[in-house]
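Going down the list, the protein sequences come from chains A and B. For the first sequence, full-length UniProt numbering gives the first residue as 1, with consecutive numbering after it. For the second sequence, full-length UniProt numbering gives the first residue as 1, with consecutive numbering after it.
Please note that a few of the clues may not be correct.
[Stated by the list, open to error] Straight-line distance between alpha carbons at most 25 Å, and here's what the computed DSS-like set of lysine-lysine pairs gives:
#	chain 1	residue 1	chain 2	residue 2
1	B	720	B	589
2	B	287	A	107
3	B	287	B	262
4	A	107	B	339
5	B	547	A	107
These are calculated hints, taken from the structure and not from any lab test. Remember, it's a predicted structure, so these values are computed and weren't measured experimentally.
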Amino acid sequence: MSESTSTNTPKPSSSVKLVLLGEAAVGKSSLVLRFVNNDFQENKEPTIGAAFLTQKCSLPTRTIKFEIWDTAGQERFASLAPMYYRNAQAALVVYDVTKPSSLTKAKHWVAELQRQASPGIVIALVGNKLDLTNDGNDAAGETPAEAEGESAAAEGDETAGETQEGQDVTSADARKVPTREASAYAEEEGLLFFETSAKTGTNVVEVFTAIANAIPESSLKSGRAGGAGTGQTSLGSGRPAEDSRVNLGERGPATAKEGCAC
Amino acid sequence: MMQWTSFVQKAQSFIDPANFSLPTLSSSDRNPSKASLFRQQFRLPDSQNPLQEITAELILPIPHTPSSTSLGEPARNPVDRAGNRYAGRLHLSERFLCFSTQPTSFTPSTSLGASTHWAGQTNGTGPSGNGFTIPLCCIRRVERLNSLSHVFSLALTTWNGALGKQQNSDFAPQRFTIQLAGSRQACERFCDGLKKGLRECMKEIENLRLVVNNCYSEYLLSGTKAKAQNGEAPEARQPPDAGLGMMFRYPGDARKLRDRSKMRLWGEYFRENGRNATLIRQPTFHKLIRVGLPNRLRGEIWEVTSGSLYLHLRSPNLYTETLSKFSGQESLAIDEIEKDLNRSLPEYAGFQSEEGIGRLRRVLTAYSWTNAEIGYCQAMNIVVAALLIYMSEAQAFFLLSVLCDRLLPGYYSTTMYGTLLDQKVFESLVEKTMPVLWDHLTKSDVQLSVVSLPWFLSLYINSMPLVFAFRVLDVFFLEGPKVLFQVGLAILRINGEELLDIQDDGSFISVLKAYFSRLDESAHPRSENPKLRAITRFQELMVVAFKEFSQITHQTITEQREKHKDAVLQNIESFAKRTSIRNLGPDSKKLSMDDLGVIYDRYYEVLYDRQQRQKVEEEERRRQEKKRVERTSILGPPVDREIGRVGLGPSPTHMDYDAFRDFLAATAKWAVADSRGSSRKESTSEQGFNSFRGWGKSSALWNNKPEPADHEFTRRLFRKWATDPNEGLSLQNVVNGLARLKGPRDIMNNINYFFDLYDDEGTGQVDREGILRMSEALLFLSRRGFEGAITPTQSVEDVRANEQDQDKLSTDERFLGSVSSFIRRCFEYADPSHPDRAAEGQKDEDAAETADKLGSFSIGDDEEDLIDIDDDAKSIESAGTINPAKQVTEDKPNTHHNRSVSESANPALDPNNPLHITLPTFRMVILADELLEQFFDSFFPQSFRLSDHGLEALASSSLSSNLTTFSNIGAAKPQPSPASGASVAGASGGIVPPGKGLRGVLDNIVSDGIRMAAEVKKRMDEAQRELERSALNRDDEEEEEDEEYDPRSGVATTSAMVGGISSWGAGAYGADPERRSVRDADRDLLEGAEVISMRGKDDASLLDDKDDHKQDRGTHDPSHDDPNLVSKVEFES
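Using the sequences and the accompanying hints, generate a full structural model.
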């Protein structure tokens, strides 16, 4: 994500508090690591409490500085979560596409956030470990063009940016959560929806970009950080020049009910 | 002067209650926290209790330096050359002798309530004072010294250093003197206790040898000697395992850490003051720890200061045994551990190797087995990994246990309440000590705990560079949790200025990150003074932590924890509740959020209540057996740990039948037993609960709690709701069960549900027995009235001649009639189970029956009947009951055909003609009766009270809906209700105008029932004449004597049981299954005509209470009261 950090033109910048939630070992920290350092580690230290990282995301009209709270996923850490999602403007609820129970857990988090977090929080549902599925493997180079995904099973198909490591590329599809199921749920709840691979980098930047776009201007103004955006709305009004996967950027805001409010 | 003091002491000994307590004592463990403070103070295992204590003076010998003396000689009489003296308190527990200079007193003061008094200033601080904690098995000899001044002196010789394989000729045993200060008796008593303890602990010396020989200190000291002596290295001298560091190097630069000179200092200290189990704490000890422990001794000193050594001593092989016991087994914890193994201190070389990872896996796994409640929590992997650098696996295993149970209480529990609580405590301390910074953080909306939480949770291990984190740990194990707070506060204080500039979480974190990375730099780099320049930032941190924040004591932390605990737990609980309710699945959506909340609260309240009760009972039992608290396993949750709240850790997940009854009793009125005594044995033990203190809240709860009834119906409900009845009911089961009943209102659903409850074989058929049980249940459910949920239609009753009497009938009474006709109809419409035989039999029976009834009708139609409508209505009920009762009796295979009058009354009940009803029949029968219909439409579901209490509104709606539902089954217009029919004893109910359809038919049946009731009434009267004395007077209105039945004759007992219906409103069949089984067993003995007559009588007196009560009472009271009591005792014993 080096490209989005390099902002040469002085654009209004605002910080957005984002929290990652989801079952243990679904790859929350890896997603963040991919987004922040464009890196992947097989053995990432488990997050104790929560890890804090920041990363800028450049939009045409403004720069969003994500303050990312990456929470621990072990079940018992759940009771600490309210501490972290307090005041969060965005949330990434992550599940593992190879593990149906993780989607159930994700749904619980969504419900929790909708009920307890700040009103208007932008929530993205993210199915990670796409690299373990056939979609993640053979769809290299494809750019998904579907506008609304629930009908298209191949929705999550995305550039498998890097070459696969041998042991993970197996002919067997490890996918256990159909894209359709998750996206339908996301649609119903008004969430952004993506399938990603932190390992290959598939869709990772897109998730954050979509969130950045979906954050209502109003909440940025009231947000804690510096210059409020001058643009009227960022939704669909433009996309990062360097971002080729335009559709994703657009689709996100479209499904974010809160995002369009202003 | 001497005399005077001894007088005072004597006087004190009389006042001091501890001196009166027996060596085994009970006074001390009566207050659990007192014993636990004692254990905390001396870091003793949970099995230890303060048995004796006495003021004493510890007199240590003058240290002999190797240079000044040959090692052999000073042992001769070191006591005479007294060195350091320390005044303090000497304590004796079952297996330990402890001494501390800190004011410690665990004897209860005169006012037992003032807990702070006996807690002393220490509050269980830990062994930071001077003194010792010596296992009794380490004491080799105790001599009473003859001293000049009547002082009671003991000279103790320990096994220190004497357990090794080789004995050196110049070996000097550790020996020191203790002077007891107290009355002669007090001293003697103490000595007696000590003697006893010593004798008992002798056998443990082998354990001691095993553990001690694996201590690095033994190796260190014997090694030096060996070298000095013979210069030849004995082949057996393998250094004991002092952690992965021996293989993979210890973190940090040993030279920079001055490891070698620290080692020398410790060697010297050990020689003078004993080592490992026999170590005596003098001021140097604390200083040596503050400067940081040498690598190879670190693990051992941690073991000693944390007290994990004593667990280790107790069962040296527990670690390996646990591993082998559970080898190959799987658990959730193991899965979780496996995920984290490769990511625990991965920067340390040892954890990139199979060796290190293997050790980590084994320790975490073994612990997860010994303490399944905690299992595995992320962060434990980091802590254990750190421990393993300095300790053997077994050492780390025991230390982890001490950490989880005592040093970091609740940190790693499934709710992590300890972690959250200490964050709150930390925040409040910051607010108190650094108000400016606190204000700034609040204003900038920076949440401190998100930053400080990992500090506490992983003991600074992944916040600071390892070398420094270990220095913090050194002090932490000695001084306890307050160290974490002191260090945390110091970190903020030192960075205070920079932190005042930060605006958000990000900058806050980066300031601290930068600080941690420069801990090894000079704190005053620009200082002129080279000494100041040499002080590192870490040293500065330690100084600030322990000097500036010296006011933060263990007591501060204890108080603060106490203060914030409730709020923290409530937060956790509301979170847990939200989550839990959300996860209850699709069925739960039928219930409102409020309802679910109520179910959730009630469910856990009941479970915890039970848990508490069991705990108290257990304790009481143990107390009676005069057994000391001894746990089966030495590890696991502390004995005095708190339970009873969702927030505190894993909650019980299943509710057994007894708990379910409690739950129902809190939910539905009918589930409350009619009197306290009627419910199992609990009532007896309950007396015990109230008698002792400390249970204020919960015991009050129990006292106000309704006694749950025990009825066949509740058992059926339990079985129906449970996925696996043996396991009990999960919250999910309960919610699903209630959702089915309380979901969208649907009378058909409710009827089906009820039928299913009794469809034992799942064949869609309910047999004779089942029908009777159903009716029994209907009466059971309705015996507390309907709360307006059921209202008979008044308008249709004008057809009746005796309208005025009609109005007098209460709904309850009419319901009786309904149930009665329910039975009648059920049998009427039942399908024969053996069609061939039934087919021919049916006609005859019907004919005979009708004839019989008609015959009896006239008899029933007597004066009394007309006058006493109540009576009649009730006798209908008995009519329905008696026969079944008899049938049940006769169902027994080897019963003789002792047919009574009743049989001819209703041949349909003949057991030779098995029959059953199906769901459609059942539905039809229910819907045929207005009251029953309402019962299922509104009362039954409504009787489970959740968040809805307003029943008035529902009452009216139930009426209208019942009419519509009735039409659903294709009947013609609703006709005069059968309920009203119940009262028309003398009416010509048998004649049905043609064209009335189903309802007409049903009405016909009703009138049949009425005639039958009349007949029963007649028989009852006969019985009354015969057996006047057996009449039983009950007052079901006031529920005074409700659980009493006539005990003089087994007959009455039987009848009360068999026809549970008879005791409607009385609950005699209520709650005692034992009693019930007794009756069951006696059943066939007691059958016969008498049963009927007796019970007829029984019912009469029972139900006629309004009119006959006074009279009955007057007549019979004296005769039956006493026997009743007797029987109660019998059945309950």
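Hint check:
no.: 1; hint: 720(B) with 589(B); result: holds (20 Å)
no.: 2; hint: 287(B) with 107(A); result: violated (54 Å)
no.: 3; hint: 287(B) with 262(B); result: holds (11 Å)
no.: 4; hint: 107(A) with 339(B); result: holds (23 Å)
no.: 5; hint: 547(B) with 107(A); result: violated (50 Å)
Checked against the numbered hints listed earlier, the structure breaks hints 2, 5; every other hint is satisfied.
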